[in-house]
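Protein chains: 2
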Amino acid sequence: SNSTKNDVTASKEETLFQVSTINSLLAGNYDGFMTFSELKRHGNVGIGTFNALDGELIMIDNKVYKIESSGAVVEVPDSDKTPFAAVTYFDQDVTKSLSNVASLDMLEQELDQLIEDKNSFYIFRIDGTFNTIKARSVPRQEKPYPVLSEAVKNQTVFNYDNISGTLIGLWCPEYIGGVNVPGYHFHFISDDRSKGGHLLDVRFDDAKAFMDVTDGFNMIISPTNSDGVVNDLNSEIDAVEK
Amino acid sequence: SNSTKNDVTASKEETLFQVSTINSLLAGNYDGFMTFSELKRHGNVGIGTFNALDGELIMIDNKVYKIESSGAVVEVPDSDKTPFAAVTYFDQDVTKSLSNVASLDMLEQELDQLIEDKNSFYIFRIDGTFNTIKARSVPRQEKPYPVLSEAVKNQTVFNYDNISGTLIGLWCPEYIGGVNVPGYHFHFISDDRSKGGHLLDVRFDDAKAFMDVTDGFNMIISPTNSDGVVNDLNSEIDAVEK
Ligand SMILES: [Zn+2]
Ligand SMILES: [Zn+2]
Chain L
1 SNSTKNDVTA
11 SKEETLFQVS
21 TINSLLAGNY
31 DGFMTFSELK
41 RHGNVGIGTF
51 NALDGELIMI
61 DNKVYKIESS
71 GAVVEVPDSD
81 KTPFAAVTYF
91 DQDVTKSLSN
101 VASLDMLEQE
111 LDQLIEDKNS
121 FYIFRIDGTF
131 NTIKARSVPR
141 QEKPYPVLSE
151 AVKNQTVFNY
161 DNISGTLIGL
171 WCPEYIGGVN
181 VPGYHFHFIS
191 DDRSKGGHLL
201 DVRFDDAKAF
211 MDVTDGFNMI
221 ISPTNSDGVV
231 NDLNSEIDAV
241 EK
Chain H
1 SNSTKNDVTA
11 SKEETLFQVS
21 TINSLLAGNY
31 DGFMTFSELK
41 RHGNVGIGTF
51 NALDGELIMI
61 DNKVYKIESS
71 GAVVEVPDSD
81 KTPFAAVTYF
91 DQDVTKSLSN
101 VASLDMLEQE
111 LDQLIEDKNS
121 FYIFRIDGTF
131 NTIKARSVPR
141 QEKPYPVLSE
151 AVKNQTVFNY
161 DNISGTLIGL
171 WCPEYIGGVN
181 VPGYHFHFIS
191 DDRSKGGHLL
201 DVRFDDAKAF
211 MDVTDGFNMI
221 ISPTNSDGVV
231 NDLNSEIDAV
241 EK
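Here the protein sequences come in this chain order: L and H. 70 is the number that the working numbering gives to position 70 of the first sequence; each next residue is one higher, with no gaps. 235 is the number that the working numbering gives to position 235 of the second sequence; each next residue is one higher, with no gaps.
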């Protein structure tokens, strides 16, 4: 946001808006409960998933796209619902040119230099033509829902070469616990909106990064309960993010 | 709140509003950054602390009281600032009569029966005449601020007998991590507003409990950084709450 440090009022531009918790999603709570028309009232960029865990969600320029496990990409109707998402009204607080990035690890190291206050939330938009993109999506689940670490065992992995597109990413603080995933989490979509997924790896020569820092966090809890049980939060998060 | 399960819009009545994180407070970030006039726009009951950790905060009926480490209680001006607090607009979603409660543990077991959805947040107001109240407050700290587990070593403990007053309490879910304290956290103030503190123990024959359940959570991050370092979050929380 563009707010000064003295202005602590939670205006919509300064707030990361989250639907449910990662803990609830890890435990298999895939029942969508917020429509995309409602979600769009809280932001214009973001990441998340769909009712029944039916694919990877990327919100960009106020449109919501679903990357299905087949690899197909569709824009979803406003009446569909999400069980888990994080969105914000994107401000370009910081802009940075990135060069010769050989991996996702290296991308994260470059972006680390932009993160001044490790207690805030950061949203990234990275535009470029990428040498390689490795991404995944997950298939729709049936009830009783398995826990997320089981569900992602059936993920499909896509490898794209020389593809122009955008990464939307979120960085959360360490203290976030079971609310969201500490560190980075990126989703990709191609410029022609035909390819995408949850980012597993990336390589590129040049790209432009835009960063939004937010000091506000707003969350709505799911009204439905989880089917599964999560025993070790950290190892479950590792199992589903990599 | 009185909302139905289908109404997931974050209205002010349904939201727990939090200033900063417990992780930041544990690490010694006692710089107040939100005025009480601003805080009162987000709720009329709550708990927290003051700039420089100068006492225990209880908000009741839209007034903010400070229980100083001397035991004195003062109503604070709206221009003062808090580094950490959690408040809400209190709805009486549930009412319960409590009898023959011999300890804080027993009080928590009674209230556990009201907590149906362990993913939501609960705010309690308990009115009664208490046989015993054991409460504490903490002295104002000087910079460089010590971490909270060090600061509370200088707490003052008060024991009150046959005292009429109100407990304001908060229950947070397990997933809350370093954002707030999982489980219960109560502050006390007497009916005549002359005594109070962070509750350590309680015993009473009869009291009336009112509970507000909220499925929304809204947080503003501190613009200032911590002096100290927290190594083991859980053991630090134990050290400061008991
Ligand atoms: Zn993802
Ligand atoms: Zn307290």
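Bear in mind the hints are in silico, worked out from the structure with no lab data behind them. It is possible that part of the hints are untrue.
Pairs involving identical chains hold if they fit within one copy or between any two copies, as the list cannot separate such chains.
[As the list claims (entries may be wrong)] Derived pair list, reagent style BS3-like, types lysine-lysine, alpha-carbon separation capped at 27 Å:
| # | residue 1 | residue 2 |
| --- | --- | --- |
| 1 | K143 | K118 |
| 2 | K118 | K63 |
| 3 | K96 | K81 |
| 4 | K153 | K96 |
| 5 | K81 | K118 |
Predicted model only: the values in this text are computed from it and were never measured.
Review point. How do K143 and K118 come out at 27 Å by Cα distance, when the copy is not named: within, between, both, or neither?
Key: So K143 and K118 pass the 27 Å test across copies only (21 Å; inside, 38 Å).
Classify it for me, K153 with K96: is the Cα-Cα distance of at most 27 Å met within a copy, between copies, both or neither?
neither (36 Å within a copy, 46 Å between copies)
Next item on the list: Using 27 Å as the alpha carbon limit, work out where K81 and K118 are close: within a copy, between copies, both or neither.
Entry: between (31 Å within a copy, 23 Å between copies)
Treating 27 Å as the Cα threshold, decide for K96 and K81: within, between, both or neither. neither (34 Å within a copy, 36 Å between copies)
Q | Status of K63 relative to K118 across identical chains (alpha carbons, at most 27 Å) | A | neither (29 Å within a copy, 33 Å between copies)
The structure fails hints 2, 3 and 4 (numbered hints given earlier, in ascending order).
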